[in-house]
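Asker: Let the sequences and hints guide you as you build the complete structure.
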Amino acid sequence: MKNILKTLIIALLVVGCKETKKETEESKAVVDDATMMPDQDTWTIIFDGETFDGWHEYLKQDVSDNWKIEDGAMILYPPEEREDGEQFNLVSNDSYTDFELSMDWKISEGGNSGVMWGVKEIEELGQPYETGPEVQVLDNEGHPDGKNGTSHQSGALYDMVSPSEDVTKPIGEWNNMVITINHKTNEGNVVLNGVEVVDFPVNDPEWGEMVSESKFADWEHFAKYSNGKIALQDHGNQVAFKNIKIKEL
1172 MKNILKTLII
1182 ALLVVGCKET
1192 KKETEESKAV
1202 VDDATMMPDQ
1212 DTWTIIFDGE
1222 TFDGWHEYLK
1232 QDVSDNWKIE
1242 DGAMILYPPE
1252 EREDGEQFNL
1262 VSNDSYTDFE
1272 LSMDWKISEG
1282 GNSGVMWGVK
1292 EIEELGQPYE
1302 TGPEVQVLDN
1312 EGHPDGKNGT
1322 SHQSGALYDM
1332 VSPSEDVTKP
1342 IGEWNNMVIT
1352 INHKTNEGNV
1362 VLNGVEVVDF
1372 PVNDPEWGEM
1382 VSESKFADWE
1392 HFAKYSNGKI
1402 ALQDHGNQVA
1412 FKNIKIKEL
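Note that the working numbering numbers the sequence shown so that position 203 is 1374, with each residue one more than the last.
Note that these hints are calculated values from the structure, not bench results.
Just so it is clear, the structure is predicted and the values come from calculations on it, not from any experiment.
Just to be clear, a hint being listed does not mean it is correct.
Stated by the list, open to error - Simulated pairs of lysine to any residue, SDA-like, Cα-Cα distance not exceeding 20 Å:
(1) K1277 x E1367
(2) K1277 x G1313
(3) K1418 x I1216
(4) K1418 x F1270
(5) K1413 x E1252
(6) K1355 x S1322
(7) K1416 x N1264
Answerer: This is how it looks when you write it as structure tokens:
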């Protein structure tokens, strides 16, 4: 009798071990599957605060000495004199279609700059704004463009959609800006310092109608590319950017 009980106990232990092993393997498979799934909340740092890796100047291969890295920020120190047509716009090495782009920016007193997407480097075009729509970065009070209508002020989809309100920080302070472009859902928006100040469609026919009513209506290449590079504008004034990251949608 004792031998029978002993045999039964051993059998139960063997079965239990097999079941535990099976459950462990199944659990591991679930974890492995989850690991392989794309993370929709993953941000990619595209400026590490230390180097210009991932960036170059428009239609150039590198970054000039007019851009400096100080305290984790990239800062444009525009030259007092420049050759005719010479520009120092930065563009990303990579191109993007649907994304959230987050960054902090700080504009100098009386300064003007901008952030563009859908930028194509075309040899005969001298500026990234000839292809890429722009979200304005501006000293609203100190730069003349701030008096040319609210669609030219900070946070605006330049010359197309005005910000709902002015939520910019005082000159010398950092502003946080998040630009979302999603062709899948036909949604674009700008969140400035935690406030959604602009929203707009990004697909035709609505997008084309907005462009047709702007200064860009007759520009051959403007806003024609859903996939393109990110650009940081040289508009002749000192401007700084940091904490630049992107999440592809």
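Asker: The structure should be examined with respect to each hint, and the outcome stated for every one.
Answerer: These are the hints, each one checked on the structure:
At roughly 19 Å between alpha-carbon atoms, K1277 and E1367 fall within 20 Å of each other, so this suggested pair holds. At most 20 Å may separate the alpha-carbon atoms for a hinted pair to count; K1277 and G1313 meet this at roughly 14 Å. Taking the CA atoms of K1418 and I1216, the gap is about 9 Å. The hint holds against a cut of 20 Å. For the proposed pair K1418 and F1270, the alpha carbon gap of about 5 Å is at most 20 Å, so the pair holds.
Taking the CA atoms of K1413 and E1252, the gap is near 26 Å; set against the 20 Å cutoff, the hint is violated. Of the pairs offered as hints, the one joining K1355 and S1322 is violated, with about 26 Å between alpha carbons and a cut-off of 20 Å exceeded. Of the supplied pair hints, the one linking K1416 and N1264 holds, its CA atoms being roughly 14 Å apart against a limit of 20 Å.
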